[in-house]
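Asks: What follows is each chain in one-letter form.
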Amino acid sequence: MIQVDGLSKIYRVAEKQPGFAGTLRHFLRRRTRDVVAVQDVSFQIEPGEMVGFLGANGAGKTTTLKMLCGLIHPSSGRVQVGGFSPQRRQAEFLRRITLVMGQKQQLLWDLPPMDSLRVNAAVYGIPDGVARRRISELADLLELGEELTRPVRKLSLGQRMKAELLAALLHEPEVLFLDEPTLGLDVNAQARVRKFLAEYNRRTGATVLLTSHYMADITALCPRVLLIHQGRLFHDGPLEALAEQLAPEREVRLELESPVAPDALEGLGRLEQLEGCDVRLLVPRDQLTAVVAQLLDRFPVRDLDVTDPPIEELIGGLFRQGRV
Amino acid sequence: MGRYWRTLRRFWSTALAVQLEYQANVLIELLAVAMSLSGSLFLLSLFYGPDQTLGGWSWAQALMVQGLYTVFDGMASTWLRPNLGAIVTHVREGTLDFVLLKPIDSQFWLSLRTLSPAGLPEIGLGLALLAWGSLQAGVVLTLPTLLMVLVMLLAGGLILYSLWFLIAATSIWFVKTWNATEVLRALLASGRYPLNAYPPALRLLFTVVLPVAFLTTVPAQVLLGAAGAPMLLAGLGLAVVFFAAARSFWLFALRFYTSASS
Chain W
1 MIQVDGLSKI
11 YRVAEKQPGF
21 AGTLRHFLRR
31 RTRDVVAVQD
41 VSFQIEPGEM
51 VGFLGANGAG
61 KTTTLKMLCG
71 LIHPSSGRVQ
81 VGGFSPQRRQ
91 AEFLRRITLV
101 MGQKQQLLWD
111 LPPMDSLRVN
121 AAVYGIPDGV
131 ARRRISELAD
141 LLELGEELTR
151 PVRKLSLGQR
161 MKAELLAALL
171 HEPEVLFLDE
181 PTLGLDVNAQ
191 ARVRKFLAEY
201 NRRTGATVLL
211 TSHYMADITA
221 LCPRVLLIHQ
231 GRLFHDGPLE
241 ALAEQLAPER
251 EVRLELESPV
261 APDALEGLGR
271 LEQLEGCDVR
281 LLVPRDQLTA
291 VVAQLLDRFP
301 VRDLDVTDPP
311 IEELIGGLFR
321 QGRV
Chain C
1 MGRYWRTLRR
11 FWSTALAVQL
21 EYQANVLIEL
31 LAVAMSLSGS
41 LFLLSLFYGP
51 DQTLGGWSWA
61 QALMVQGLYT
71 VFDGMASTWL
81 RPNLGAIVTH
91 VREGTLDFVL
101 LKPIDSQFWL
111 SLRTLSPAGL
121 PEIGLGLALL
131 AWGSLQAGVV
141 LTLPTLLMVL
151 VMLLAGGLIL
161 YSLWFLIAAT
171 SIWFVKTWNA
181 TEVLRALLAS
191 GRYPLNAYPP
201 ALRLLFTVVL
211 PVAFLTTVPA
221 QVLLGAAGAP
231 MLLAGLGLAV
241 VFFAAARSFW
251 LFALRFYTSA
261 SS
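One line per chain: the protein sequences are W and C, in this order.
Residues 1 to 324 in my numbering are what the first sequence lists, from first letter to last.
Residues 1 to 262 in my numbering are what the second sequence lists, from first letter to last.
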C-alpha cells in the first residue's frame with residue numbers, strides 16, 4: 001500500500017545571529033545552510049497494517065508523513081501510496097487518504113462539528129444519505145452524541161479530537177496518516193481514541209501510519225514500528241524487539257517502611273539510588289517478576305512502582321550509547 | 001461541477017451561521033458602513049460648491065462614481081477580505097495543509113470559503129447611490145447600457161479579486177501580508193473620485209498598472225454614454241489577464257510551498 005525507496009528531504013534554512021545586529025544582517029543578506037531532514041529512508045507497508053512511527057522531536061517524522069501525503073515534495077527518492085505518486089495530489093489519491101494532526105484542527109471553531117462534516121461531505125461528493133449513515137456509525141464508535149451539535153469552541157479537547165477524527169474519516173479513506181492524534185489528551189481520552197483506531201482498522205482494513213509521543217499509543221496499536229533518528233531509519237520491526245533493544249531494563253521504585261543497607265539489595269538488579277527509604281533499581285526485563293516478588297517478600301514495602309522510561313529518554317539513551 | 005456548486009452552498013450557509021453566532025457584530029458592522037459612507041459623502045461635498053465640477057464631472061455624476069466605489073468596497077468586505085485575509089492565517093498556522101489535501105481546487109476553496117453578510121448592505125447602499133446619481137445626472141437607461149454596466153461590474157470585480165489574491169498568495173513566502181492588502185484597499189479608495197480628478201501620471205497608473213479606473217470611472221462613463229465598446233473590451237481583456245496572472249501565480253506559489261514547507 002505504501003512504498004518508500006531512498007526517500008530524502010533537504011531543507012534550505014536561513015541562519016540568523018541573535019540580537020539586533022544579527023537581525024539587521026539577516027535582513028540585508030540572508031545566509032542559508034542545508035539541513036537534512038530525512039535521509040535515504042526506505043520501507044514498505046502492506047494494506048491493513050498499523051505501523052507506529054517513532055522518533056524524537058525533529059527526527060523527521062512529520063516531514064516523512066507530509067511527503068507521504070503529498071504536502072512536501074521529496075528532494076530525492078520515490079514514494080508510492082496506493083499506486084499513486086502523492087506529490088501530484090490527484091483528486092483520486094486525495095480521496096483515499098486522510099491526515100489527522102493533533103496540533104491543528106480543520107473543524108470550524110464557531111460552529112458545531114456537524115456543519116464542518118456537511119462541508120466535508122460536499123467537498124468529497126458524498127451523497128447526503130450516505131454521509132448521514134457514516135456519521136452515525138462513526139459517532140457510535142467514537143461515543144459522540146450531542147457534542148456534534150454543540151459549537152466546537154465549547155467542546156473539551158478530547159471531544160474535539162474525536163470530532164476531528166470523524167471529519168477526517170468521513171470519506172472512508174484507505175490510508176490514515178495520524179500525526180500525534182492523542183497529543184494533550186488525558187489518559188481516558190487517549191485510551192478511547194486508541195480503542196477507536198483499533199476498531200476502525202479492524203472494521204475497514206485501512207492502513208494506518210501513526211506517530212506519537214506516548215509509548216502507550218504505540219504499544220496498544222502497532223505491532224510494527226519504524227524508528228527514525230536524525231532523518232535516518234534506525235529500526236523497522238516488531239515493537240518488542242525495539243523495546244528490548246532500547247530498554248533491556250525496567251525501573252523499579254520502592255518506598256520502604258524503614259531504611260535498608262545497600263548490601264541488603266545485593267542481587268536484586270542494579271542499584272541506581274538509595275536515599276533513606278527511597279530505592280530505585282534497574283532490573284532486567286526477564287527477571288522482573290522474580291525480583292519484585294523477592295522485594296515484597298524481604299522488605300516492608302510501603303509503595304512499589306515499575307515504569308518504562310519515556311520513549312524520548314529511551315531513544316536518547318540509545319543514541320548516547322553509540323549503538324547506531 | 002455539481003459537487004462544486006453543492007460545496008459552495010455549504011460554504012456559504014456555514015459562513016452565515018458563523019455570523020449569526022455573533023449577533024452584536026452584525027449590528028456594529030452595519031453602523032460602521034453607514035458612518036463611513038456618510039463620511040465620504042461629506043468629504044465629496046466639500047469639493048463641490050454650487051454649479052462646480054470636478055475634472056469635468058458634475059456632483060450627480062461624481063455621486064455615481066462614489067456609488068460604484070461603495071459597491072466594490074462592499075464586495076471587498078463581503079467576499080474578498082474574509083476569504084483572502086484567511087490565507088495568511090492558513091499559512092501561518094499550517095492549516096493550509098487541510099485545504100491542500102481536499103480533492104477540490106485549492107483556489108476555489110480559499111476564494112469562496114466564506115462570506116461576510118455584513119458587507120451586503122454596503123453593496124445595496126452603493127447601488128442605491130448609483131441609481132440616485134444616475135437619475136440626477138439624467139441617465140437614460142436602456143437594456144444594452146444596463147448589460148454593459150453589468151459586464152463592466154463583473155470585470156471590475158474580477159480585476160479587484162485577482163489583484164487581491166495575487167497579494168494574498170505572496171504570504172506563502174512572506175507570511176505576513178496584512179499591510180500589503182491594506183495598501184490595496186487604500187488604492188481602491190482612490191477609485192471613489194472620477195479618474196479625471198487626478199493628475200495625468202496617476203491617471204495612467206490607475207488605468208494600466210492598477211486598473212482602479214475600470215472599477216468605478218469606466219462603468220459610470222458607460223452609463224453616461226461616454227464610453228463604448230472599446231472600453232468594454234479593454235476592461236474585459238484586463239480582467240482576463242489579471243485572472244490568468246492570479247491563477248498561474250497561485251500554482252507557482254503552491255509548487256514552492258510544497259517543496260519548501262515543513
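Just so you know, the hints here were simulated from the structure itself, not pulled from any lab data.
It is possible that some hints are incorrect.
Claimed, not checked - Selected chain W positions facing chain C (in silico; Cβ < 7 Å):
1. Lys104
2. Asp110
3. Met114
4. Val123
5. Gly125
6. Asp128
7. Leu304
For glycine and all other residues, C-beta sits at the position ideal for the given N, C-alpha and C.
Asks: Taking the numbered hints from earlier one at a time, note which ones the structure violates and give those numbers from smallest to largest.
Replies: 3, 6, 7
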